[in-house]
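Chemist: One-letter residues, chain by chain:
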Amino acid sequence: MSGLTQDDIALAGEYVLGTLPGPERLTMTRRIATDPDFAREVARWESRFDPLAAEVTPVAPPARLWSGVEARVFGRPQQAGFGLWRWLAGASGLSVAFLAALLTLGQPLLPARGPMLVSDMVSTDGTVRLAALYDSETGEMRVSVGGKAPAPGRDFELWVIAGEATPISLGVMPRQGQAAMPIPEAIRPMLAEAVLAITEEPLGGSPEGVATGPLVAKAALRRI
Amino acid sequence: MADAGQDLGELLARVALADRAAFERLYSVQGAKLFGLCLRLLKDRREAEDALQDVFVKIWMNADRYVPAVASPAAWLNAVTRNLCLDRLRRRKGGEVGVEALEDLPAEAPGPETAAIRASEGRQIETCLDRLDNARAEAVRRAYVEGESYLELAERFAVPLNTMRSWLRRSLISLRECLEG
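Chains U and L, in that order, give the protein sequences.
FYI, in the working numbering the residues of the first sequence are 1273 to 1496.
FYI, in the working numbering the residues of the second sequence are 19 to 199.
For the record, the hints were derived by calculation from the structure and aren't laboratory data.
Glycine included, each C-beta is placed from N, C-alpha and C at the ideal position.
It is possible that part of the hints are untrue.
Within a straight-line C-alpha distance of at most 25 Å, the following computed SDA-like cross-link-like pairs (lysine to any residue) qualify [to be verified]:
(1) U/Lys-1490 - U/Gly-1443
(2) L/Lys-76 - U/Leu-1298
(3) L/Lys-51 - U/Glu-1327
(4) L/Lys-51 - U/Ala-1315
If you want the ones that stay clear, here's a sample from chain U, every Cβ over 12 Å from chain L, calculated [said to hold, decoys possible]:
(5) Gln-1278
(6) Glu-1296
(7) Thr-1301
(8) Ala-1343
(9) Gly-1425
(10) Arg-1426
(11) Glu-1436
(12) Ile-1459
(13) Leu-1475
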């Protein structure tokens, strides 16, 4: 049973009807992402009201609309590769150039392969930008580092944090540019729900296998 | 209708696996329905076209999040569409509608086919709406189908904004009791 109050239930209904003003609607959108009980109630309201949509008359969309959808989802076929980057960029919020840098590394990717996870991290002071793209098909994480290099005698180390668990090292990042980091089998299943973090560690990475240096950036892996 | 529902579910499952042909088929099967929803909510053809493109981009990306146990495929597609349109509506400042845009809109009367659908699938919600006071049921419908905000509804029914909101909230609770009871 859910712990929702009568008030929550009405709120979920208001969200689905769409009557909430912009800011309140936005708050509810965030709640849906974090409160499974509330999200379920929203889904129920969507199903309860759905029959009312039957009274809306279908209207054929203009023919050019589909090519617009195709261009956004698949990119232009004659520009092989670029379309995929744009698709990934759209899906992940990363810049095309940044993803292009990631993807030129190694063999070309196809969107139809296994699920891919992406993370885009910017350091709190904005001077370092890191992107990671994990391909579940190959079990490989491609990482790309831009901006300020680590201090002399230091390295950036990549960590994966699953829930409350202690961060597990994925290895030392390149000082600049890109690298492909193979992910151990045991870690792969954790990635879907994990957060990636970068710390600054002694050259060659933390000797203890435990993060010791200052946190540079942190971001969740998102499925694309 | 059951077959169509099954087909949609299968199409969605294939779209979740990045099947491009299934995606195209889904567009040809549901595009008009969803475009109709966009037009009805946004009341602006240009914006409805943009919204429909957003809808299909989102479907392509989020099809793997569809859970059959929670909603029918059609209900999920409708919800994705309504949510994107409502986000657009609520971002608008005044919510004004040009007269020119309104002229293009389809007639509101349900055709024989949609009336039949309402008679079967929609019976429960219709029955429960009928138990509400007419004006209150109408407010719920206008919010859902036309995307009217509290402000617009309050003006339409000539009641203060807060009154409108408590009307609607109470209607929601009654509807839920009626539907689940």
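Chemist: State for each hint whether it applies.
Modeler: Quick rundown of the hints versus the structure:
A threshold of 25 Å between alpha carbons decides the hint, and for U/Lys-1490 with U/Gly-1443 the separation of about 15 Å falls inside it, so the pair holds. For the hint pairing L/Lys-76 with U/Leu-1298, the CA-to-CA distance comes to about 18 Å; that is within 25 Å, so the pair holds. Under the criterion of a C-alpha separation no larger than 25 Å, the hint pairing L/Lys-51 with U/Glu-1327 is consistent with the structure, at around 10 Å. Distance check on the hinted pair: L/Lys-51 and U/Ala-1315 sit about 20 Å apart at the alpha-carbon level, within 25 Å; holds.
The beta carbon of U/Gln-1278 sits about 6 Å from the closest Cβ of chain L, which is not more than 12 Å, so the claim that it is off the interface is violated. Its beta-carbon lying about 9 Å from the closest one in chain L, U/Glu-1296 breaks the requirement of being farther than 12 Å from that chain. Against chain L, the non-interface label of U/Thr-1301 is violated: not every CB pair exceeds 12 Å, the least being about 8 Å. Non-interface call for U/Ala-1343 relative to chain L: violated, since the shortest CB-CB distance, roughly 9 Å, does not exceed 12 Å.
U/Gly-1425, annotated as away from the interface, keeps every beta carbon of chain L farther than 12 Å; the closest lies near 43 Å. For U/Arg-1426, the requirement that its beta carbon stay farther than 12 Å from each beta carbon of chain L is met, with the minimum near 38 Å. Interface exclusion of U/Glu-1436 from chain L stands, the closest Cβ pair being 25 Å apart, more than 12 Å. The beta carbon of U/Ile-1459 sits about 22 Å from the closest Cβ of chain L, which is more than 12 Å, so the claim that it is off the interface holds.
Taking the minimum C-beta to C-beta distance to chain L, about 40 Å, the non-interface status of U/Leu-1475 holds against the 12 Å cut.
Going through the hint list in order, the structure does not satisfy hints 5, 6, 7 and 8.
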